[in-house]
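Residue numbers (this note's numbering), protein chains in the order written: chain A, 1 to 119; chain B, 1001 to 1271.
Note that these hints are calculated values from the structure, not bench results.
Errors might be hidden in some of the hints.
What the hints assert, rightly or not - In the BS3-like style, the derived pairs of lysine-lysine whose C-alpha atoms are separated by at most 30 Å in a straight line are: (1) A:LYS65 / B:LYS1159; (2) A:LYS65 / B:LYS1091; (3) A:LYS65 / A:LYS107; (4) B:LYS1002 / B:LYS1091; (5) B:LYS1159 / B:LYS1136; (6) B:LYS1091 / A:LYS36; (7) A:LYS107 / A:LYS18; (8) B:LYS1089 / B:LYS1136; (9) B:LYS1256 / B:LYS1159; (10) B:LYS1089 / A:LYS36; (11) B:LYS1159 / B:LYS1091; (12) B:LYS1116 / B:LYS1091.
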Amino acid sequence: MLMSAKRMYSRRATLSLKMSEFEMPPMQDLLVIGRKAPIGPEAVRRMAEALSPEQFTVVRIEHPKVEAVLIRNSLLQLMERDTLIKIVLEEADRMISDTMVIRSELKIEVTVHREVELS
Amino acid sequence: MKVAELMSSPLLTVHAERSVRHAAELMERLGVGSLVVEEHGIVVGIVTSRDIRLSHPNRLVADAMTRDPVCVPAEQLIWEALRTMERLKIKRLLVRDGGRACGIVTRNEIRLRISKLQDAMTGLFRPAYVQAIAEKLMAEGVPFHLLFIDVNDFREVNKQYGHPVGDDVIRGYADRLLMLAGADDYVCRYAGDEFVIVTRRPVESLGRLLDALSEPLDTGDVVISTAIGVVSSADEPGLSFRDLVGKASLLSTSRKRKGMAELPPPLLKER
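The following block holds chain A by itself, in its conformation from the complex (with noise of 0.2 Å):
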């Protein structure tokens, strides 16, 4: 018995949308940005400076992996800088390679306990 000569062709596509709100910005609160990144320090700057306008500053590092590390203001007031830095750094170093950035979520709290003399 012959096959049919008739053959079935289709094209078909399926489409699936996952959506989720888009955090802002982005970044959370810091970035650290490797040497060899596909974004360098001017770029994030950029874009942090229009998806968030002076709300974040740019610090570039000696370093042999990190290029620059991208800090929320608000934490640099609550902070000294290069305290700060150098805390990011420790931690980075052991799992950034220099082609990667690092998004990080830094949530800096104060304890402040005082005694007072009661009269």
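Chain A is already provided as a structure; the job is to place chain B on it using the hints.
Then chain B, alone, in the frame of chain A:
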């Protein structure tokens, strides 16, 4: 020889917000090793093929370029431009005409041009070098002295001891000139056994230089002396470089004639 004569112009530019990939393609298409980076009509940097190689292609040109490129005026002499590049260890200079960037000049281009201006036997520059320096100093109103130095009895050296010994004498004397020359001295081999120095040394220092140059020189085979004519640009306003050389050379000849009896003949050293 001015930077303007060697620079590549017009400026080939790329915008700071374009990608490194775009800059690389542009360089390839234009067949150049660097582009000037502009933003809002202002020059903000230079991006070179080396910068491109070291940067991710997705990066902005602004993140790959060298910021605040060093500028030199188009009127600057190429020797000064080379000195700047060697001091700062850079390979390119942006050239400006007034306040406007107008070209790029590279270290290799300047070195190549300068090598063509050097005398093969001694390594000293040819007269065009001191002429360019002297004319610039004259244009800027900076006083200088021009020394015309003539090796005494050089023809006799060649006749008596042969041309190879004569060549050694010239090389030996050129080495002495290079050794004595300071930052304010510009030396060239003017012709066969004649040398010219344009110097901005103050008079006291010039005296010491003349004393040193007047000392007989033992070049290994022969001991030679020189006759030196000196003219001051300040004393000869309006004279061209050619006129100054002419006057200094006549002074040198006159000194040679006067002192011929006193000057020692070239001596073959005892071995």
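- Task: Mind checking the alpha carbons of LYS1089 of chain B and LYS1136 of chain B for me, to see if they're no more than 30 Å apart?
- Result: 25 Å, holds
- Query: Do the alpha carbons of LYS1159 of chain B and LYS1091 of chain B lie within 30 Å of each other, as the hint requires?
  - Reply: 47 Å, violated
- Please work out if LYS65 of chain A and LYS107 of chain A have their alpha carbons no farther apart than 30 Å. 24 Å, holds
- Message: What's the verdict on LYS1159 of chain B and LYS1136 of chain B, does the C-alpha distance respect the 30 Å limit or exceed it?
- Response: 40 Å, violated
- Going straight from one Cα to the other, do LYS1256 of chain B and LYS1159 of chain B come out at no more than 30 Å? Holds. LYS1256 of chain B to LYS1159 of chain B sits at ~19 Å (cutoff 30 Å).
- For the pair we were handed, LYS107 of chain A and LYS18 of chain A, check the Cα-Cα distance against 30 Å. 29 Å, holds
- Hint consistency between LYS1002 of chain B and LYS1091 of chain B [alpha-carbon to alpha-carbon, up to 30 Å]: Status holds; Cα separation ~17 Å.
- Could you grab the alpha-carbon distance between LYS1091 of chain B and LYS36 of chain A and see if it respects the 30 Å cut-off? Holds. LYS1091 of chain B to LYS36 of chain A sits at ~23 Å (cutoff 30 Å).
- Message: Checking one constraint from the list: CA of LYS65 of chain A to CA of LYS1159 of chain B, max 30 Å. Satisfied?
- Response: Since the Cα atoms of LYS65 of chain A and LYS1159 of chain B sit roughly 69 Å apart, the hinted pair is violated (cutoff 30 Å).
- Quick one, are LYS1089 of chain B and LYS36 of chain A close enough, alpha carbons at most 30 Å? Distance ~24 Å between LYS1089 of chain B and LYS36 of chain A Cα, so the pair holds.
- Starting from LYS65 of chain A, check that the Cα of LYS1091 of chain B is at most 30 Å away, please. 26 Å, holds
- Query: LYS1116 of chain B and LYS1091 of chain B: Cα distance at most 30 Å?
  - Reply: At roughly 19 Å apart (the allowed maximum being 30 Å), LYS1091 of chain B and LYS1116 of chain B satisfy the hint.
When held up to the earlier numbered hints, the structure conflicts with 1, 5, 11 and fits the remainder.
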